[in-house]
Amino acid sequence: MPLADLFPAIGRRVNNGIWRLGYAARFFLTMLGRSGIAFSRFSLTVKEIYFTGVLSLIVIVVSGLFVGMVLALQGYNTLQRYGSSEALGVLVALSLVRELGPVVSGLLFASRAGSAVTAEIGLMKATEQLSAMEMMAVNPIARVVAPRFWGGVIAMPLLAALFSATGILGGYLIGVVLIGVDEGAFWSQMQSMVDFREDIVNGVIKSLVFGALVSLIAVFEGYDAVPTAEGVSNATTRTVVTSSLVILFADFILTALMFRGS
Amino acid sequence: MSRTTLDAWVGVFVTMGVVALVFLALKVGNLGGSTLSNPYKLTAEFDNVGTLKVRGAVKSSGVVVGRVSDIEFDPKTYMARVTLSIDGRYKFPKDTFAKILTSGLLGEQYIGLSPGGDEQMLASGDTIARTQSAVVIEELISQFMFNKASEGAKP
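As they're listed, the protein sequences go chains Y and V.
The first sequence begins at 1 in our numbering and counts up one residue at a time.
The second sequence begins at 1001 in our numbering and counts up one residue at a time.
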């Protein structure tokens, strides 16, 4: 590519990115304004909680269990070298509640539920169901988009809490039942080191933010998809990639804000 | 899928999520059991608090009797003023001795209260007069080095 074409190409990419960001922000505000129906007809949102939350249960619970078990195995290897294997409970609980719970369940949520939401809305657009709704004076943002967004926002913190809880049970299974770390020390050290406000509430806040981000990206990509088979598949891919990157980036920002200095 | 089965599944899901949160709060976190019943405040001034932290434990005979609720620097006396919340069930004599101790070799620091023999008890807002500061390992080492050096200079 000649140099003269390079700068316009860069400029176009940046402009397009900013334009899409602004479009997404306006889409978000419109959706918030139209969110009344998601709560006044709550059965619509309940249906979406079923699709995003209940159907993600298996993958969340199983991966939480295994993440906790691996943490306990690896943590024990390092901790027993320093003669402090009783701190295993603290290690497993803090890393799950603060970081791994919200982040890993957010990533799983993006690939399990976010992609499905994008594909569903994108296909509705491609088969002109959204236009049909507008013809019938039903606002597709209120009827289709808002319930899916709020369903994701409600489901995500619950999934993250389940992930952390099963992870800690997995750590207990490996640490106490299999390896034989003292049970009393495992739980009591965990309780004395994990603070409710500092650690658990901050973890829940993180998962709420991730839930909102993933749901917003998923519904936006679906609504914005090019209405062809290829466009829907591209939008689905973009949902997974963008939400994974956004989760990791937002996690860094939130961690820096929440846990500095302590 | 019919409406009722959908509601049932979502109900099960939400209940599981709430149970997980309660489990995290009570069993993993410190929300259950460790609250102090009608606590009262005492203050104590230390030359050096070391790495003592707010919410650190206050122990007497190894039993947790309270929490550190505030640590601040007193610009008049140039000492650290530590505010303690002590469980209302426990009363300590006026001449109680407050020490900053370390749990284990590298563990976190806490305040140990050794009761004296006074008839009168400390009331809310009182100051513990007799304190001992945290052991700072650098000072210990430098004292040891100076002693060695002065021993070597004698003969």
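Be careful, since some hints might not be right.
As the list claims (entries may be wrong) - In silico SDA-like links for lysine to any residue, alpha-carbon gap of 25 Å or less: (1) Y:47 / V:1004; (2) V:1059 / Y:195; (3) V:1027 / Y:47; (4) V:1041 / Y:99; (5) V:1027 / Y:111; (6) V:1027 / Y:188; (7) Y:47 / Y:99; (8) V:1027 / Y:99; (9) Y:47 / V:1016.
Just so you know, these hints were derived from the structure itself, not from any lab.
Status of the hints after comparison with the structure:
This hinted pair checks out: residue 47 of chain Y and residue 1004 of chain V have alpha carbons roughly 11 Å apart, not beyond 25 Å. Taking the CA atoms of residue 1059 of chain V and residue 195 of chain Y, the gap is near 19 Å; set against the 25 Å cutoff, the hint holds. A C-alpha spacing of about 32 Å is found between residue 1027 of chain V and residue 47 of chain Y, which places the hinted pair above 25 Å, so the restraint is violated. Of the pairs offered as hints, the one joining residue 1041 of chain V and residue 99 of chain Y is violated, with about 36 Å between alpha carbons and a cut-off of 25 Å exceeded.
Of the supplied pair hints, the one linking residue 1027 of chain V and residue 111 of chain Y is violated, its CA atoms being roughly 31 Å apart against a limit of 25 Å. Between residue 1027 of chain V and residue 188 of chain Y, the direct Cα distance comes to roughly 9 Å. Compliance with the 25 Å bound is thereby established for this hinted pair. With a C-alpha separation of about 29 Å, the suggested pair residue 47 of chain Y and residue 99 of chain Y falls outside the 25 Å cut-off, and the hint is violated. As the CA atoms of residue 1027 of chain V and residue 99 of chain Y are separated by approximately 19 Å, the hinted pair is consistent with the 25 Å bound.
Our distance criterion of 25 Å between C-alpha atoms is met by residue 47 of chain Y and residue 1016 of chain V, whose separation comes to about 17 Å.
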